[in-house]
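**Student:** Model the full assembly from the supplied sequences, consistent with the hints where possible.
Chains as they are written, first to last, in the numbering used here: chain A, 1 to 315; chain B, 1 to 315; chain C, 1 to 315.
No lab work stands behind these hints: they were computed from the structure.
Be aware that one or more of the hints could be misleading.
[To be verified] Here are the simulated DSS-like cross-link-like pairs (lysine-lysine), alpha carbons at most 25 Å apart as the crow flies:
| # | chain 1 | residue 1 | chain 2 | residue 2 |
| --- | --- | --- | --- | --- |
| 1 | C | 152 | C | 183 |
| 2 | A | 118 | C | 255 |
| 3 | C | 153 | C | 35 |
| 4 | A | 311 | C | 183 |
| 5 | A | 255 | B | 118 |
| 6 | B | 32 | C | 311 |
| 7 | B | 152 | B | 279 |
| 8 | B | 117 | B | 32 |
| 9 | B | 117 | B | 167 |
| 10 | C | 117 | B | 279 |
| 11 | A | 279 | B | 118 |
| 12 | A | 117 | C | 279 |
| 13 | C | 117 | A | 118 |
| 14 | B | 279 | C | 118 |
| 15 | C | 32 | A | 311 |
| 16 | C | 311 | B | 38 |
| 17 | B | 311 | A | 38 |
| 18 | B | 32 | A | 279 |
| 19 | B | 311 | A | 32 |
| 20 | C | 118 | B | 255 |
| 21 | A | 311 | C | 35 |
[Unchecked claim] For the chain C half of the interface with chain B, some residues (derived, Cβ under 8 Å), not all of them:
| # | residue |
| --- | --- |
| 22 | 48 |
| 23 | 78 |
| 24 | 101 |
| 25 | 103 |
| 26 | 250 |
Don't be surprised by glycine CBs; every beta carbon is placed ideally from N, CA and C.
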Amino acid sequence: MSSSLTNQHILSVDQFNQSIIQDLFSLTEQMKLYKQNKQIRTVLNGYVLGNLFFEASTRSRMSFTSAFLYLGGQVNHTTGVTFSSISKGETLEDTINVIQSYCDVIVLRHSELGTAKKASQVSRVPVINAGDGIGEHPTQALLDLYTIFDEKKQLDNLTITMVGDLKHGRTVHSLARLLCLQKNIRFIFAAPQIVQMPEAIVSDIKSHGFQVELTDDFNAAISEADVIYSTRIQRERYENPSDYETFDGLFTLTKEKINHYCKPDVTVMHPLPRTNEIKLDVDALPGAAYFRQAANGLYVRMALFCSVLGKEING
Amino acid sequence: MSSSLTNQHILSVDQFNQSIIQDLFSLTEQMKLYKQNKQIRTVLNGYVLGNLFFEASTRSRMSFTSAFLYLGGQVNHTTGVTFSSISKGETLEDTINVIQSYCDVIVLRHSELGTAKKASQVSRVPVINAGDGIGEHPTQALLDLYTIFDEKKQLDNLTITMVGDLKHGRTVHSLARLLCLQKNIRFIFAAPQIVQMPEAIVSDIKSHGFQVELTDDFNAAISEADVIYSTRIQRERYENPSDYETFDGLFTLTKEKINHYCKPDVTVMHPLPRTNEIKLDVDALPGAAYFRQAANGLYVRMALFCSVLGKEING
Amino acid sequence: MSSSLTNQHILSVDQFNQSIIQDLFSLTEQMKLYKQNKQIRTVLNGYVLGNLFFEASTRSRMSFTSAFLYLGGQVNHTTGVTFSSISKGETLEDTINVIQSYCDVIVLRHSELGTAKKASQVSRVPVINAGDGIGEHPTQALLDLYTIFDEKKQLDNLTITMVGDLKHGRTVHSLARLLCLQKNIRFIFAAPQIVQMPEAIVSDIKSHGFQVELTDDFNAAISEADVIYSTRIQRERYENPSDYETFDGLFTLTKEKINHYCKPDVTVMHPLPRTNEIKLDVDALPGAAYFRQAANGLYVRMALFCSVLGKEING
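**Tutor:** Right under this line is the structure:
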């Protein structure tokens with residue numbers, strides 16, 4: 001399949017449009033079927049992924065790794081602790097210049113904003129941003145969007161309630177921007193004022209003609225939702241710990257709250273890991289989609305690798 | 001091959017009976033032949049192992065990895081130091097819930113007792129316990145038993161002398177229980193009183209009708225043995241270091257002691273790593289089986305993966 | 001292909017002669033073509049590399065790994081931080097004795113001189129020295145020599161200027177010795193006196209009948225060069241930091257210096273990582289070969305694995 005993503009770096013959700021996303025999600029569906037039917041894919045035989053995690057991230061690293069392996073490729077990975085060349089004072093650009101010769105595509109996770117772009121500027125092989133500090137993590141946004149599609153069987157005409165720390169949450173920022181490519185989305189952002197969605201993103205959404213509501217009334221916010229997207233409220237973000245204490249618990253989803261306040265077919269998502277935001281008793285509810293969401297990361301990344309490497313999938 | 005282990009979690013030696021073990025060992029023999037003849041196996045093509053070592057263990061991790069690779073499978077592994085999700089406060093259950101979507105079988109090593117069982121309760125893919133603290137390490141017991149079989153060409157009618165720290169040694173406990181499935185085993189446990197075999201295990205063995213002798217006379221104990229199973233005496237287990245000094249050396253196997261006290265065809269085993277328990281001059285003796293024992297770990301684990309994943313082996 | 005390297009340990013550049021090197025470089029050329037044409041190699045299907053990095057080295061580890069993977073093999077690796085068996089007091093020999101059963105070839109990096117040899121004495125599978133402290137790193141010397149051949153299309157009749165810390169630089173020592181197998185090489189060693197090439201190596205080169213010049217006049221030294229081989233001047237090597245300050249910068253290659261002093265077709269090499277020895281503006285010059293040099297590491301190691309494992313390459 002020659003895709004418009006072939007040989008492209010994947011740095012930001014801004015690269016995607018409706019047509020790219022439709023192609024990608026249709027490929028994602030295929031991947032899910034292959035995996036579930038235990039069909040063996042060999043499309044990436046002879047390909048090597050350079051899986052560079054300058055910052056540890058078990059889930060993302062293992063998800064990218066398995067996505068590549070299940071397509072018949074091989075993975076050459078490294079993690080922060082073993083990055084000896086960096087500790088010897090090498091620049092990121094030099095590291096990438098060398099490692100691109102050892103692989104066919106690079107996945108890069110780094111704690112510093114802008115690292116993925118820097119890498120892409122020297123790399124002849126495609127670079128996929130797997131999170132660069134407070135920057136983007138575009139494949140997370142793709143898998144989030146795919147999960148909404150997979151759970152609701154539609155991407156338009158939905159009320160999406162995002163809750164938790166919306167100020168620092170890289171995932172909610174990127175997902176909000178991807179949702180702006182859809183039609184008739186109503187956004188509800190429920191957070192303590194101190195960690196509400198940044199004004200720049202709110203303006204951006206409004207400029208696309210969408211309705212945005214900001215609130216700290218958690219129960220009201222979830223009652224309207226087709227999809228609740230919860231993120232961690234990080235205690236360390238509060239200058240005054242007592243502020244945190246005030247909110248803690250108010251923004252926690254429980255089975256009782258969901259049964260009491262939410263639509264019967266509400267979908268609950270979370271990028272994981274969770275701590276206290278979603279109680280264990282929610283897990284058994286049919287709308288608890290966060291583990292399916294994590295599983296979708298595998299399929300979306302399989303589809304992305306095929307697209308970026310320009311590989312045809314033969315049913 | 002449809003085995004009674006197909007799709008089973010492997011948590012404890014209590015799951016095994018004579019028939020399971022015979023099937024497994026016959027498969028193990030096949031695996032050894034394949035490996036030694038450098039025949040290429042592809043039976044696990046398209047399969048991914050999630051090799052989760054929350055606690056470092058070079059030998060076990062590499063043994064499981066190569067076992068999977070030699071069958072044509074792929075390995076996605078992680079080790080304690082890079083377990084970022086745990087450090088972010090995620091529960092083991094959540095981690096397993098996510099990672100099971102990225103693989104077909106999980107091998108789990110953890111420092112806490114009961115972890116493997118906990119993981120198995122949420123995992124749809126088989127979980128193999130690769131050691132959970134003072135708990136079990138069932139594949140070690142299997143490879144130990146296989147090594148006895150391989151060295152002696154029989155599992156019945158043997159005198160097995162276990163020496164060293166029998167109190168804390170997870171491997172000797174599990175092996176003793178597996179040996180209770182055999183016929184006419186005489187057990188000699190030679191250890192300083194302070195680290196002798198726990199009474200519960202001794203009773204258990206006796207309830208199976210076997211003869212058990214406890215002693216701290218090392219030389220007498222090894223003189224009766226068909227198999228000597230040595231384990232590390234850990235200095236740190238002694239409240240009073242001078243107790244340790246008293247025993248140190250008394251329980252060390254040397255070529256001289258073996259030639260002087262032991263049966264000519266005695267087999268010497270050790271789970272490794274060894275420190276001072278077996279002197280280097282023992283290595284050249286024909287009965288020094290500990291490196292063959294380590295090699296058997298590969299074949300037993302290959303057999304176990306095939307059984308658990310229900311794969312037919314075509315000669 | 002049955003090579004004279006088949007089943008040999010690769011410990012030192014002293015093992016190589018002209019005929020071995022010619023065979024190896026001709027195989028290296030083939031490997032480069034395969035890789036560049038994205039041809040899939042399966043020659044190492046069913047083989048496992050034990051990639052043992054007791055000391056971290058991102059570049060070398062990833063280069064060996066990808067070399068093995070691109071030939072269809074599998075890699076079982078471990079790095080210093082996870083070497084639990086060593087931390088439990090196991091000897092290197094015992095570790096190797098066990099791990100050789102889990103793989104078909106071992107690559108070993110260690111901080112201590114002589115480790116590779118020690119490992120080779122107990123290993124039935126070939127051991128490749130990937131650097132042991134101040135000892136050798138023979139595959140680095142091979143890829144350096146191959147790069148000179150690849151850039152200059154000849155190995156004889158060249159002036160090779162080595163600059164930087166020539167005293168502690170393992171790579172320049174090994175490369176100098178390999179160059180002694182060629183004809184009519186003129187060596188210029190440009191370094192502050194305190195880190196000049198050891199007298200033993202200088203004598204050795206002279207005993208082969210080659211001309212050697214030692215200097216601290218950097219600009220003169222590079223003006224004669226067909227090839228400049230630059231290495232890091234390590235600040236920590238100077239007892240008196242002000243000595244370092246005196247030299248710092250004098251031995252730095254810049255585009256301006258190269259354009260002003262050097263032959264138009266000069267080749268610039270560096271084992272990487274670089275810090276201040278070569279300015280970024282050099283990168284764009286046609287003679288800046290250091291990233292191609294790093295890439296050549298992949299092809300040379302692919303050729304070496306085939307030779308050591310005695311594998312035929314079918315075009």
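**Student:** Does each hint fit the structure? Answer for all of them.
**Tutor:** Results for each hint:
1. Using a Cα cut-off of 25 Å, the hinted pair residue 152 of chain C and residue 183 of chain C holds, with the two alpha carbons roughly 14 Å apart.
2. At most 25 Å may separate the alpha-carbon atoms for a hinted pair to count; residue 118 of chain A and residue 255 of chain C meet this at roughly 23 Å.
3. Taking the CA atoms of residue 153 of chain C and residue 35 of chain C, the gap is near 20 Å; set against the 25 Å cutoff, the hint holds.
4. Among the hinted pairs, residue 311 of chain A with residue 183 of chain C is inconsistent with the structure: their alpha-carbon atoms are about 48 Å apart, more than 25 Å.
5. With a C-alpha separation of about 23 Å, the suggested pairing of residue 255 of chain A with residue 118 of chain B holds against the 25 Å cut-off.
6. Of the pairs offered as hints, the one joining residue 32 of chain B and residue 311 of chain C holds, with about 22 Å between alpha carbons and a cut-off of 25 Å not exceeded.
7. Proximity of residue 152 of chain B to residue 279 of chain B is assessed by CA-CA distance (about 23 Å); at most 25 Å being required, the pair is judged to hold.
8. The straight-line distance between the Cα atoms of residue 117 of chain B and residue 32 of chain B is roughly 30 Å, outside the 25 Å bound, and the hint therefore fails.
9. For the given pair, residue 117 of chain B sits about 23 Å from residue 167 of chain B by alpha-carbon distance, which is consistent with the 25 Å threshold.
10. Of the supplied pair hints, the one linking residue 117 of chain C and residue 279 of chain B holds, its CA atoms being roughly 22 Å apart against a limit of 25 Å.
11. Using a Cα cut-off of 25 Å, the hinted pair residue 279 of chain A and residue 118 of chain B holds, with the two alpha carbons roughly 18 Å apart.
12. Proposed proximity of residue 117 of chain A and residue 279 of chain C is supported: the alpha carbons are some 22 Å apart, at most 25 Å.
13. In summary, the hint linking residue 117 of chain C to residue 118 of chain A is not supported, as the alpha carbons are separated by about 42 Å, beyond the 25 Å threshold.
14. For the proposed pair residue 279 of chain B and residue 118 of chain C, the alpha carbon gap of about 18 Å is at most 25 Å, so the pair holds.
15. Our distance criterion of 25 Å between C-alpha atoms is met by residue 32 of chain C and residue 311 of chain A, whose separation comes to about 22 Å.
16. Between residue 311 of chain C and residue 38 of chain B, the direct Cα distance comes to roughly 13 Å. Compliance with the 25 Å bound is thereby established for this hinted pair.
17. With a C-alpha separation of about 13 Å, the suggested pairing of residue 311 of chain B with residue 38 of chain A holds against the 25 Å cut-off.
18. Note on residue 32 of chain B and residue 279 of chain A: the hinted pairing is violated, with a Cα-Cα distance of about 49 Å set against a maximum of 25 Å.
19. Restraint check for residue 311 of chain B and residue 32 of chain A: the C-alpha separation of about 22 Å stays at or below 25 Å, so the hint holds.
20. With a C-alpha separation of about 23 Å, the suggested pairing of residue 118 of chain C with residue 255 of chain B holds against the 25 Å cut-off.
21. A C-alpha spacing of about 17 Å is found between residue 311 of chain A and residue 35 of chain C, which places the hinted pair at or below 25 Å, so the restraint holds.
22. The beta carbon of residue 48 of chain C comes within 5 Å of a beta carbon in chain B, closer than 8 Å, and the hint placing it at the interface holds.
23. Because the beta carbon of residue 78 of chain C sits about 6 Å from the nearest beta carbon in chain B, less than 8 Å, this interface hint is met.
24. Using the Cβ-Cβ criterion of 8 Å, the hint placing residue 101 of chain C at the interface with chain B is satisfied: the shortest such distance is roughly 4 Å.
25. With 8 Å as the threshold, the beta carbon of residue 103 of chain C comes within range of chain B, its nearest partner Cβ sitting at about 6 Å, so the hint holds.
26. Contact between residue 250 of chain C and chain B, as hinted, is not supported at the beta carbon level, the nearest pair being about 41 Å apart and thus beyond 8 Å.
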